[in-house]
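There are 4 protein chains.
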Amino acid sequence: MKVLVWNEFIHEKKKPEVAELYPNGMHNCIADFLRADDIEVRTATLDDEECGLTEEVLAETDVLIWWGHAGHNEVPDEIVERIHKYVVGGMGLIALHSAHFSKIFKKVMGTSCTLKWRNDERERIWTIMPNHPIAEGVDESFVIENEEMYGEPFDIAKPDDVIFIGWFKGGEVFRSGCTWTRGNGKVFYFQPGHETNPIFHNENVQKIIRNAVRWACPIKKNIEMGAPWSAPVEE
Amino acid sequence: MKVLVWNEFIHEKKKPEVAELYPNGMHNCIADFLRADDIEVRTATLDDEECGLTEEVLAETDVLIWWGHAGHNEVPDEIVERIHKYVVGGMGLIALHSAHFSKIFKKVMGTSCTLKWRNDERERIWTIMPNHPIAEGVDESFVIENEEMYGEPFDIAKPDDVIFIGWFKGGEVFRSGCTWTRGNGKVFYFQPGHETNPIFHNENVQKIIRNAVRWACPIKKNIEMGAPWSAPVEE
Amino acid sequence: MKVLVWNEFIHEKKKPEVAELYPNGMHNCIADFLRADDIEVRTATLDDEECGLTEEVLAETDVLIWWGHAGHNEVPDEIVERIHKYVVGGMGLIALHSAHFSKIFKKVMGTSCTLKWRNDERERIWTIMPNHPIAEGVDESFVIENEEMYGEPFDIAKPDDVIFIGWFKGGEVFRSGCTWTRGNGKVFYFQPGHETNPIFHNENVQKIIRNAVRWACPIKKNIEMGAPWSAPVEE
Amino acid sequence: MKVLVWNEFIHEKKKPEVAELYPNGMHNCIADFLRADDIEVRTATLDDEECGLTEEVLAETDVLIWWGHAGHNEVPDEIVERIHKYVVGGMGLIALHSAHFSKIFKKVMGTSCTLKWRNDERERIWTIMPNHPIAEGVDESFVIENEEMYGEPFDIAKPDDVIFIGWFKGGEVFRSGCTWTRGNGKVFYFQPGHETNPIFHNENVQKIIRNAVRWACPIKKNIEMGAPWSAPVEE
Chain V
1 MKVLVWNEFI HEKKKPEVAE LYPNGMHNCI ADFLRADDIE VRTATLDDEE CGLTEEVLAE
61 TDVLIWWGHA GHNEVPDEIV ERIHKYVVGG MGLIALHSAH FSKIFKKVMG TSCTLKWRND
121 ERERIWTIMP NHPIAEGVDE SFVIENEEMY GEPFDIAKPD DVIFIGWFKG GEVFRSGCTW
181 TRGNGKVFYF QPGHETNPIF HNENVQKIIR NAVRWACPIK KNIEMGAPWS APVEE
Chain Y
1 MKVLVWNEFI HEKKKPEVAE LYPNGMHNCI ADFLRADDIE VRTATLDDEE CGLTEEVLAE
61 TDVLIWWGHA GHNEVPDEIV ERIHKYVVGG MGLIALHSAH FSKIFKKVMG TSCTLKWRND
121 ERERIWTIMP NHPIAEGVDE SFVIENEEMY GEPFDIAKPD DVIFIGWFKG GEVFRSGCTW
181 TRGNGKVFYF QPGHETNPIF HNENVQKIIR NAVRWACPIK KNIEMGAPWS APVEE
Chain H
1 MKVLVWNEFI HEKKKPEVAE LYPNGMHNCI ADFLRADDIE VRTATLDDEE CGLTEEVLAE
61 TDVLIWWGHA GHNEVPDEIV ERIHKYVVGG MGLIALHSAH FSKIFKKVMG TSCTLKWRND
121 ERERIWTIMP NHPIAEGVDE SFVIENEEMY GEPFDIAKPD DVIFIGWFKG GEVFRSGCTW
181 TRGNGKVFYF QPGHETNPIF HNENVQKIIR NAVRWACPIK KNIEMGAPWS APVEE
Chain G
1 MKVLVWNEFI HEKKKPEVAE LYPNGMHNCI ADFLRADDIE VRTATLDDEE CGLTEEVLAE
61 TDVLIWWGHA GHNEVPDEIV ERIHKYVVGG MGLIALHSAH FSKIFKKVMG TSCTLKWRND
121 ERERIWTIMP NHPIAEGVDE SFVIENEEMY GEPFDIAKPD DVIFIGWFKG GEVFRSGCTW
181 TRGNGKVFYF QPGHETNPIF HNENVQKIIR NAVRWACPIK KNIEMGAPWS APVEE
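Protein chains in written order, with the working numbering: chain V, 1 to 235; chain Y, 1 to 235; chain H, 1 to 235; chain G, 1 to 235.
The shape of chain V in the complex, shown without the other chains (with noise of 0.2 angstroms):
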């Protein structure tokens, strides 16, 4: 299985507290924690040509990772038609927090995407379907202490399965892990994962993000979505 992290690669070079938490970039962190003997990883960013995301690197991704957040704009339409091709040809596409704005998301999700949010709140995600795949060897509850809150209502499309809800202090509640499908692709948006916040350290999030790769794998890929004439098959 091959796994491309796409992060835009903007905080960790702006905010020294981002480069303390991630001194290779939220995209390596990641990488190191998904690489398996049957998983290969790669990355890319905004910096790359074509923000790394070339046909021959797509053809070959069976999962796509997507951090974004201030750097959405940057990324050409043309790319994101590409990956949407792909999506819809089988790649599976994980989102994770602010991606929830990344154009590719809202591609996908045909809504606004809007939330509440409010940054260093205290969260605890809880495990609404715990024999699903995504959930597997996670805990029934477990507890960011600190982390951007994410409010609802989120304008998404409807899911087809809310796996986690988040719960702040604050108030707020939020449907922290979804799923979707798209065409032959997998999509699954998972809240946590602020820039300030050691969100890719925590063991809960990993197991969850390792899970949620395997989950998206596709069965085939690059499928070529066609509107042919057909003829009858039937008399």
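A few of these clues could be false.
It does not matter which identical chain is used: a pair holds within one copy or between any two.
To be verified - With a Cα cut of at most 25 angstroms, we get these calculated DSS-like pairs of lysine-lysine:
1) Lys-2 / Lys-103
2) Lys-2 / Lys-106
3) Lys-106 / Lys-158
4) Lys-220 / Lys-2
5) Lys-85 / Lys-106
6) Lys-103 / Lys-14
7) Lys-85 / Lys-107
8) Lys-85 / Lys-103
I should point out that these hints are in silico values taken from the structure, not numbers from a laboratory.
Could you slot chains Y, H and G onto chain V? The hints should help.
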């Protein structure tokens, strides 16, 4: 309630057989059977300034009906963004037949919207959810003697409800009537409606579109979707 | 529209604090705030013959509201079968609070309906789908100062829609307002309603139950469900 | 993985044409094509003590396959409760053909499970979700030359996914392959399987049932579902 029937209005001007079926355009045919004491219906086409889809018009519109085929690309992206904003804000959207490939339907689906097709086939539409408002007064099944076959797999987002399934004499099946919610707006896709067939003169089709208009009419519209910083509501 | 409010009517007769809150029983409290020019409301309890749920009564009922807790087992299976027949035939069903363990709700769910619980907790209910009919006129979020905590995981069938999510001060979350369709009937589960709290005197709760009654009212009811041999409709 | 194929085993003993197709019963025909290096398959019938569905057997079973028709009522309610407990606890359930009217399938659906029917019809099954695990290696569409027609409306709970839709020469359609989750268990209903047709000798049918078994196999099973008092997890 204010309904806007949008039709690209291309085929009626180019193909005599279509002009014969719809002398005032499909949009006026549809508008005519929709008008009621409590329903005011306007029409707009590709020929109108801004496609007739100005901010003022959309702000007033409760339900937008869309028919397009040859001219999907002629609708400016900027106008599609505007329509989408109003759908998410509450405006209902009814996409008819070849509108499956319209920019606005593809945008709310987030998928490729591909399917199989073949002209001049006999279709029978079955009501899967007889007690759904959109199926009110509709027969258990009804025939469209000559219609363009649309066949599965139909690459759409998972519908909230599949209200009608179509059977085609040549062997195909299709999820012919589907609903979704996008933000505050309701979306209904209805498969029949090929321009060279008298589909919009069919009683059952008229009943379904009338029902769908009432179903899609929002409680509130023009709801602003934002992502505001939010203070805690609990201590 | 004819509504029947069914309450086991046990606690009011045994616990003084409940009798104080609901001198005429929870059923009459609910019936009182439901009555309208176009809504006729009856009540029935465990004490009535056949639990007040005769064929004649159910055949006339558009929406059945259910409150039960200590007496779930006292409702004869035969009557539960009867209620189920009418739900599938079109009658709406609204299950309140501890009715999650009622025979009829468990029957339509097909799951165990288990959850976590704890008395005397502060709750805040969030509206996830602000433009849903059941949420009409309901605040973005509202507080119930003292309620019985119900916590996830809640073993229910996947809801068609999750309209409300509850936040509890003790850290839990819950899918507090959910809808389903069963046959021709609509089902709404609403979590608040513990008997020792003045829940049914709460304005937001009243508004939601009123909205839910209108939402659950069927277009047609008493639809016979059969599995007939059917002749071909096509040659 | 341990699979149990349950068949009422009535028709094979009464109708010569069925005995001819399935000399060792449908259960052994299915068990034979399911066995693999990593899949151990047992069978049980109505004739066995406790229908072969003891606590010990169910506790070991990962996936239960069910075929029933004339003997639905012969399965004691107590055993149906037991099966249901294990499904909710994680055991997968695959209901084949006339099992739509089995007590266990009706229990997990919560609906009447009614449909139309007619023997001896030509069917073509379409794959709606080609990249779903249950559709792996299955053709875009395949024919069953002679099968019992099952026609919509099919009164089931809304499926999580509709993987196959059937087309019948006599004009009907049917949601032929559907999935649900009930508690920790996965449920798959597959429509083909009339006893007087060689359905279980059909390659595509075999492939689908094999895929379904792997899909329905739980990560964890025998999960106890309780409704415990729960202490606060947050102050």
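Quick rundown of the hints versus the structure:
Taking the closest pair of Cα atoms, Lys-2 and Lys-103 come within 25 angstroms of each other only inside a single copy of the chain (23 angstroms); across copies the shortest separation is 32 angstroms, beyond that limit. In the homo-oligomer, the alpha carbons of Lys-2 and Lys-106 lie at most 25 angstroms apart inside one protomer (24 angstroms), although the nearest pairing across protomers, at 29 angstroms, exceeds that limit. For the identical chains of this complex, Lys-106 and Lys-158 are neighbours both inside a copy (13 angstroms) and across copies (16 angstroms), given an alpha-carbon limit of 25 angstroms. Taking the shortest alpha-carbon separations for Lys-220 and Lys-2, only the intra-copy value of 13 angstroms comes in at or below 25 angstroms, while the best inter-copy value is 27 angstroms.
Within a single copy, Lys-85 and Lys-106 get their C-alpha atoms as close as 14 angstroms, and across copies as close as 13 angstroms, so both meet the 25 angstroms cut-off. Taking the shortest Cα distances, Lys-103 and Lys-14 sit within 25 angstroms of each other inside one copy (22 angstroms), while across copies they are farther apart (38 angstroms). Within a single copy, Lys-85 and Lys-107 get their C-alpha atoms as close as 11 angstroms, and across copies as close as 14 angstroms, so both meet the 25 angstroms cut-off. Taking the shortest Cα distances, Lys-85 and Lys-103 sit within 25 angstroms of each other both inside one copy (13 angstroms) and across copies (15 angstroms).
Comparing the model with each numbered hint stated earlier shows that all of them hold.
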